[in-house]
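Chains as they are written, first to last, in this note's numbering: chain U, 4 to 310; chain D, 448 to 989.
Keep in mind the hints are simulated off the structure, nothing from the lab.
There may be inaccurate statements among the hints.
[Stated by the list, open to error] Computed cross-link-like contacts, BS3-like style, restricted to lysine-lysine with a CA-CA straight-line distance of at most 30 Å:
{"id": "1", "chain 1": "D", "residue 1": "Lys-575", "chain 2": "U", "residue 2": "Lys-62"}
{"id": "2", "chain 1": "U", "residue 1": "Lys-44", "chain 2": "D", "residue 2": "Lys-881"}
{"id": "3", "chain 1": "U", "residue 1": "Lys-62", "chain 2": "D", "residue 2": "Lys-881"}
{"id": "4", "chain 1": "D", "residue 1": "Lys-842", "chain 2": "U", "residue 2": "Lys-44"}
{"id": "5", "chain 1": "D", "residue 1": "Lys-816", "chain 2": "D", "residue 2": "Lys-842"}
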Amino acid sequence: MGRYVIRRLLQMIPVFFGATLLIFLMVNVMGDPIAGLCGDKACDPATATRLKQEFGLDKPVWQQYATYMGNVFTGDFGTAFNGQKVTELMSTAFPVTIRLTIIAILFEIVIGITLGVVTGLRRGRPIDTAVLILTLVVIAIPTFVTGLVLQLVLGVEWQWIKPSVPPDAPFDKLLIPGLVLASVSLAYVTRLTRTSIAENSRADYVRTAVAKGLPRHRVITRHLLRNSLIPVVTFIGTDVGALMGGAIVTERIFNIHGVGFQLYQGILRQSTQTVVGFVTVLVLVFLVANLVVDLLYAVLDPRIRYA
Amino acid sequence: MRGATHAKWAACAVAVALAATACGGGDSGGGSGASGIVSSSWGDPQNPLEPANTNEVQGGKVLDMLFRGLKRYDSKTGAAKDMLAEKIETTDSVNFNITVKDGWTFSNGEKVTAKSFVDAWNYGADLKHNQKNAYFFGYIEGYDKTHPDKGDPTAETLSGLKVTGERTFSVKLNQKFSTWPDTLGYAAFAPLPRAFFDNHSAWLSKPVGNGPYTVNSYTKGSKLEMRKWDGYPGPDKAQNGGVDLKVYTDNNTAYTDLTAGNLDLVDDVPASQLKNVKADLGDRYINTPAGIIQTLAFPYYDEAWNTPGAVKVRKGLSMAINRAQITDTIFQKTRTPATDWTSPVLGADGGYKDGLCGDACKYDPAGAKKLIQEGGGIPGGQVKISYNADTGSHKEWVDAICNSVNNALGNDRACVGNPVGTFADFRNQITQNKMSGPFRAGWQMDYPLIQNFLQPLYYTNASSNDGKWTNAEFDKLVNEANAETDKAKAVDLFQKAEGVLRDQMGAIPLWYQNGSAGYSTRVSNVALNPFSVPVYNEIKVS
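With the sequences and hints as input, model every part of the structure.
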């Protein structure tokens, strides 16, 4: 197990460098960011030259990348164009997005898996059909539609929530945005769990467990569910990264100042430092989440062993 | 066992979360913020909040509340009126003697003296400080030393600025510029306290100025709380207890927040909501002219657009655009068809002349087709109008213009839009002279003078002459106008220069842009100034 983890961690190194280099090049290809700093006017050439020097943009790309990576390893992620340290931006943005992701994941786990188990055990019954149709509808509607409709109905018409989330974004204000963010994945989790449960409920070990005379809830939670969760765990694990990076739409609708907001602004302003910094952290989150998922397999299914 | 514990933990978490909403549900609804405080939408300023480094509206809003300069533009007429200036005297339009009024202080108690201005201007003009508005000091003698085009500066202070007493200083310009004092209302000319120079980073995180508001707290990227400064010595004291500026990533969310009673003022009504705004807000919606004009500029560095015949093509294109229809349907009358190259906010005395463009700006598809044919047809057979696709719903109107041109010419491939992904990239292609056809050009005035609508945009090699248009006659008239001490005569000369621009159709004027804002029932007396910034200090909270 230990050696497996170490091997996986080592594999992360090339992925990390490759991903950061790609992002770095992509942001660079978009051209000179200084030109966007002066509004609809041309920056005066002397100031533009000075700014390029200050942000290191006058050097060749490979040299910029080398300097940047060197700085990253000393914990310096550079400075955004408005003079704020990127680490400062991260320290305000990541906690917000992490809270949002936690809520979304909780919704996926609780509602998704429950609905999946219920429908999986009652195949073909009205509840199964109803949930099936419901998940189809949710998957078919894009997130921004769900978000805007919920915002208008709950925020403006019924006044249950405030349409925008305050800057400090506490857990309770993030519930609706979290639900919106989770909605599509939630539907997938439901369907994945349902299929998996439906398949396994006919398996020999379930019949054996029933024949042994185990109570029904014990058969379901200990035997059936545990084996059926492997594909679901894989999905939710990879979804952590996707939710954190993909929250741009939800964060915009509810005015949440998280990672999506910073990334969006970074891209618009072509701030290499901001974009690469945030993406680097997201890449790390993604890699770690994947590792955790793989390790969870062994926990769920004792037959899986890592050497 | 492990699985079961997990499930239990998750269930608990949800229970807690639900309980929290139940508690949180109670206090929702009702107005926002403390009594007397206006909450207003805001965008994250692009640059640090230094006066000489803020060149966009979002940062400008804050500076407008935080600082008062020598002059201030009237919130209704736009006329430059003395604020901190007791008198500004000149005999030759080159040397100016300025006296600062007595009794003004910064909110930290420091007196505003002549030195506060001179130090601030020297700071702004010094290349080492990377101030993006440095070119505003370009008319002052010695600017070429503190801010050379190439290499390091050889001086730290402008030789044209001299402190002559506690409240007096003299300015020497490097050219005749009779209306120069009227430019002093721009934020870049604000005075700065010693704290700005002594502890710069502390000042940036909590700016101190001499305006009617002080900064209470500033959370970068999300919220800025401004509070009324009770000791403010000026005549335009704040009528409210303060202003909370909240950053919105999307102006649609801000608008939704306004309709839900969660926000008091939105000064940028999204284009998609313009249709609903009357129904949602009734008379709490304002739509007033602002000093912004949108034009199509041409790349004169491209041979194809710089031929003698191209004048007729440009005029023809201008006549092929159905401005009235586009401003009515796409912009819902938040734009007005342009008939000159300035803005109605200047007023007739200030140089705005309705109809100066004449027939060339009137929709005439048949005449357009004839003119373009006479001029040798569109260069390359197709006009590509470039614009940045990331902000400001430019795609809609560019497509509409192309539609209008295509219909006039009876050729549905005569004009196409050419979107550029980001604003920075768009500006980049412009500054590197890479445009191959007309491109979107917007101009928001820095100060309400006709000079500001002409010289920076069309004078040979001027700072914002993106199309590199050049005309000796135009330059000569602008020079004469700047040297003219009589304001009416100067305006007349500028209009003559504008006539040259018209005859050559240097750029196609499209429309004048209005400022639009909506506000809640909590506030009243809301207005936008000619720079489309809300006049915050006059807002009353009920």
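Consistency of the hints with the structure:
The hinted pair formed by Lys-575 of chain D and Lys-62 of chain U meets the criterion: a straight-line CA distance of about 20 Å does not exceed 30 Å. At most 30 Å may separate the alpha-carbon atoms for a hinted pair to count; Lys-44 of chain U and Lys-881 of chain D meet this at roughly 16 Å. Taking the CA atoms of Lys-62 of chain U and Lys-881 of chain D, the gap is near 22 Å; set against the 30 Å cutoff, the hint holds. Of the pairs offered as hints, the one joining Lys-842 of chain D and Lys-44 of chain U holds, with about 20 Å between alpha carbons and a cut-off of 30 Å not exceeded.
Proposed proximity of Lys-816 of chain D and Lys-842 of chain D is supported: the alpha carbons are some 24 Å apart, at most 30 Å.
No hint from the list above goes unmet by this structure.
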